[in-house]
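Asks: Read off the chains here:
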Amino acid sequence: MKYIDEYRDKNLVINLAEQIRKESKKEIKLMEVCGGHTMAIQKFGIPALLPETIKLISGPGCPVCVSDRKFIDQTVAYSRLSNVIIATYGDLIRVPGSSSSLNEEKAAGKDIRIVYSVLDALKIAEQNPDKIVVFPGIGFETTAPASAAGILNAEKRGIKNFLVYSSHKIMPPAMAALIDEGVNLNGYIAPGHVSTITGTAIYADIPKKYNLGCVIAGFEPVDLLQSVLMLVKQIESGKPKVEIQYKRVVKPEGNIIAQGMMNSVFELRPDWWRGLGVLPGSGLGISEKYSAFDAEKQLQVEVEPTKEDKGCICGEILKGLKSPKDCKLFATACSPSDPVGACMVSNEGACHAYYKYNRNL
Amino acid sequence: MRKNDRILLGHGSGGQLSHELIKNVFIKNFSNTELNKQTDSAILKIEDLNLCFTTDSYVVDPIFFSGGNIGKLAIAGTVNDLAVAGAKPLYLSAGFIIEEGFPMDDLVKITETMKEEAQKAGITIVTGDTKVVDRGKADKVFINTSGIGILPKKNKEIASGSKIKPGDKIIINGSIGDHGMTIMAERNDLNISAKIGSDCACLNHMINDILNASDKVSFMRDATRGGIATVLTEIVSDKDFGLIIEEDQVPVKEAVRGICELLGFDPFYVANEGKVIVVVASEDAEKVVAAMKNHKEGKEAAIIGEITSEHKGKGWINTGIGGKRIIDMLAGEQLPRIC
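Top line first, the protein sequences correspond to chains C and W.
Each residue of the first sequence is one higher than the one before, counting from 1 in my numbering.
Each residue of the second sequence is one higher than the one before, counting from 1 in my numbering.
Calculated directly from the structure, the hints in this document are not laboratory data.
In this text the structure is predicted, and so the values were computed from the model without any measurement.
Hints may be right or wrong, so weigh each one.
Calculated from the model, a selection of chain C residues having no Cβ within reach of chain W, i.e. all distances over 10 Å [said to hold, decoys possible]:
1. K10
2. Q19
3. R21
4. A48
5. E104
6. A107
7. Q127
8. N153
9. I159
10. A201
11. G238
12. K247
13. S264
14. P336
With the C-beta cut set under 10 Å, the calculated list includes, among others, these residues of chain C facing chain W [what the hints assert, rightly or not]:
15. Q42
16. E220
17. V249
18. P252
19. N358
List of simulated lysine to aspartate or glutamate pairs, EDC-like, C-alpha gap at most 16 Å [as the list claims (entries may be wrong)]:
20. K106(C) x D240(W)
21. K160(C) x D294(C)
22. K307(C) x E52(C)
23. K140(W) x E116(W)
24. K37(W) x E157(W)
25. K2(C) x E254(W)
26. K10(C) x D238(W)
27. K43(C) x D266(W)
28. K22(C) x D68(C)
29. K289(C) x E155(C)
30. K239(W) x E310(W)
31. K43(C) x E310(W)
32. K314(W) x E246(W)
33. K70(C) x E308(C)
34. K163(W) x D48(W)
35. K312(W) x E234(W)
36. K163(W) x D240(W)
37. K43(C) x E34(W)
38. K216(W) x E157(W)
39. K43(C) x D240(W)
40. K10(C) x D266(W)
Even for Gly, the Cβ is constructed at its ideal location relative to N, Cα and C.
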């Protein structure tokens, strides 16, 4: 397959692994911030290719995983309103809330539909003018512009029964908070798709303020290994900086149009992150101007008190302090078919990736 | 751990939830020696005959797809369940649940396909049933087929896999994921136009030739829902051997890989309807591959791995790039109504 096979070339991979082995002297910990990276690293079996000096740890870049359980509880509450259709990305459907999940509500007869794009949600709204379609907006700078586009489109087309319930978040506050919290890191494998939108500017502080390197990486084995090599070189030479490995997609200035859409629809607000607590200016709320499309403003629901599961260490895992295998629920009480924490549900969750590909390594 | 108090789509996925449902509800209530073996077909000794008996229901959506339709699936799926147990399929039943208002022409087309497939496979449909339900109470048409076949004595151990031993080779008859990704591409909410078709086919003639080529076949199973990952996990589960798969030896069509990449599927977990995993003694592996290649359904046959004495109870993959990881069963639903 063109544009993929080149990045999965065994010889290139072996060559890169050898170079890494040669360059890497210090024991280092690199964090892959993005859940997509975690999945790729486990799926391709990358850890087995790295020398013992390098440890990869998973970060807070799985949107479903860092979201508050209250987000699920409130979406469940919306789904129970008689005139509401929930149109959601498939990832959310199995995430356990305090006492239910969208999956269970669907089985109980609520109208919950999986969409692949916010535009599909808009279509459902158009086809069901007597219903209200709620789209749970989840994700970082990657998916936030899509939700913004949904709202802008709805406004343009005069669709009045489309609402977004935003849990969108931005990445940099979490990356800074991790280091402020004392997580021991030597560099970031920075998220490729977030950076496609934002460009490199959002990481500028990390080398300056925290003396850590950031390499924006693609999602194929060659991308990941090359990014590790770039970080190793930065660390060994003591010159941390922001570099783009994923040059075929990421431009330094990012996607200006998408940034514009995001800025016009959303405004920053404090938001709660699993494991990190409330981070100022880390969430994207829908601005006053577009409040007609804001589920939080337009729908009143009673949400059950949030119950967190005891024993689940998702928070520690998202901070990179613990590995999924350190959790006593891992692969016992918590598995993808019967998940306790969100990290086990999402395809991008560290626990899910470890369970699926690395359970007994 | 939360108790599911309702049936979820995942309970029908063929993955972990299905296994739990079977164990906790069906086996619990129906428990008996034959059922508890949980093989694709029950092996029943009636007087001097060993009979294989199996049943399957088909609810695929859409009912017509590139490479087949629900009727072809209903014949092939049940024939294959008998054939992989080592049996010669003989007779089938066909039960139809039809939604009021379903076009007669479509029903005729489906039954014509069933007739053709049955003829090709050399089996006879000897009994049937028809139910019609109110419009909206079922979706178009659902089909159930049951089948019986005769099991030659020498094939008795194939279904249980009790003769599998380290060193045995693992073989597949062609590319994986074709059926699942064809259905996915054709589901009307996804506008993907890719040149792929379902691999849906009766495998009994090919399997017959495999068993004629080698008497050292230790296990066979068709890899349907849950994909080859689920079969590979089942082979080693609770056993004192493991297995290793060479990812780059597993055939995957370009278009299937493309759709998988696009939608985030792993082809190892995607459904097939014409693929069999064969485990055979190493010395006979090439013979089995050659026997497969004589058939249309086995042109791309390949040795993809082997049984190991290491990492007992676990399946491993050497990834295409030289990494290593485990293979696990499908958890949760991948695609509802795939067959």
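Asks: Each hint should be assessed against the structure and marked as holding or not.
Replies: Cross-check of the supplied hints:
{"no.": "1", "hint": "K10", "verdict": "5 Å, violated"}
{"no.": "2", "hint": "Q19", "verdict": "14 Å, holds"}
{"no.": "3", "hint": "R21", "verdict": "13 Å, holds"}
{"no.": "4", "hint": "A48", "verdict": "5 Å, violated"}
{"no.": "5", "hint": "E104", "verdict": "7 Å, violated"}
{"no.": "6", "hint": "A107", "verdict": "4 Å, violated"}
{"no.": "7", "hint": "Q127", "verdict": "12 Å, holds"}
{"no.": "8", "hint": "N153", "verdict": "18 Å, holds"}
{"no.": "9", "hint": "I159", "verdict": "19 Å, holds"}
{"no.": "10", "hint": "A201", "verdict": "29 Å, holds"}
{"no.": "11", "hint": "G238", "verdict": "30 Å, holds"}
{"no.": "12", "hint": "K247", "verdict": "20 Å, holds"}
{"no.": "13", "hint": "S264", "verdict": "29 Å, holds"}
{"no.": "14", "hint": "P336", "verdict": "3 Å, violated"}
{"no.": "15", "hint": "Q42", "verdict": "6 Å, holds"}
{"no.": "16", "hint": "E220", "verdict": "9 Å, holds"}
{"no.": "17", "hint": "V249", "verdict": "15 Å, violated"}
{"no.": "18", "hint": "P252", "verdict": "27 Å, violated"}
{"no.": "19", "hint": "N358", "verdict": "6 Å, holds"}
{"no.": "20", "hint": "K106(C) x D240(W)", "verdict": "41 Å, violated"}
{"no.": "21", "hint": "K160(C) x D294(C)", "verdict": "11 Å, holds"}
{"no.": "22", "hint": "K307(C) x E52(C)", "verdict": "40 Å, violated"}
{"no.": "23", "hint": "K140(W) x E116(W)", "verdict": "22 Å, violated"}
{"no.": "24", "hint": "K37(W) x E157(W)", "verdict": "12 Å, holds"}
{"no.": "25", "hint": "K2(C) x E254(W)", "verdict": "10 Å, holds"}
{"no.": "26", "hint": "K10(C) x D238(W)", "verdict": "33 Å, violated"}
{"no.": "27", "hint": "K43(C) x D266(W)", "verdict": "9 Å, holds"}
{"no.": "28", "hint": "K22(C) x D68(C)", "verdict": "43 Å, violated"}
{"no.": "29", "hint": "K289(C) x E155(C)", "verdict": "11 Å, holds"}
{"no.": "30", "hint": "K239(W) x E310(W)", "verdict": "11 Å, holds"}
{"no.": "31", "hint": "K43(C) x E310(W)", "verdict": "21 Å, violated"}
{"no.": "32", "hint": "K314(W) x E246(W)", "verdict": "15 Å, holds"}
{"no.": "33", "hint": "K70(C) x E308(C)", "verdict": "10 Å, holds"}
{"no.": "34", "hint": "K163(W) x D48(W)", "verdict": "23 Å, violated"}
{"no.": "35", "hint": "K312(W) x E234(W)", "verdict": "13 Å, holds"}
{"no.": "36", "hint": "K163(W) x D240(W)", "verdict": "12 Å, holds"}
{"no.": "37", "hint": "K43(C) x E34(W)", "verdict": "38 Å, violated"}
{"no.": "38", "hint": "K216(W) x E157(W)", "verdict": "11 Å, holds"}
{"no.": "39", "hint": "K43(C) x D240(W)", "verdict": "25 Å, violated"}
{"no.": "40", "hint": "K10(C) x D266(W)", "verdict": "19 Å, violated"}
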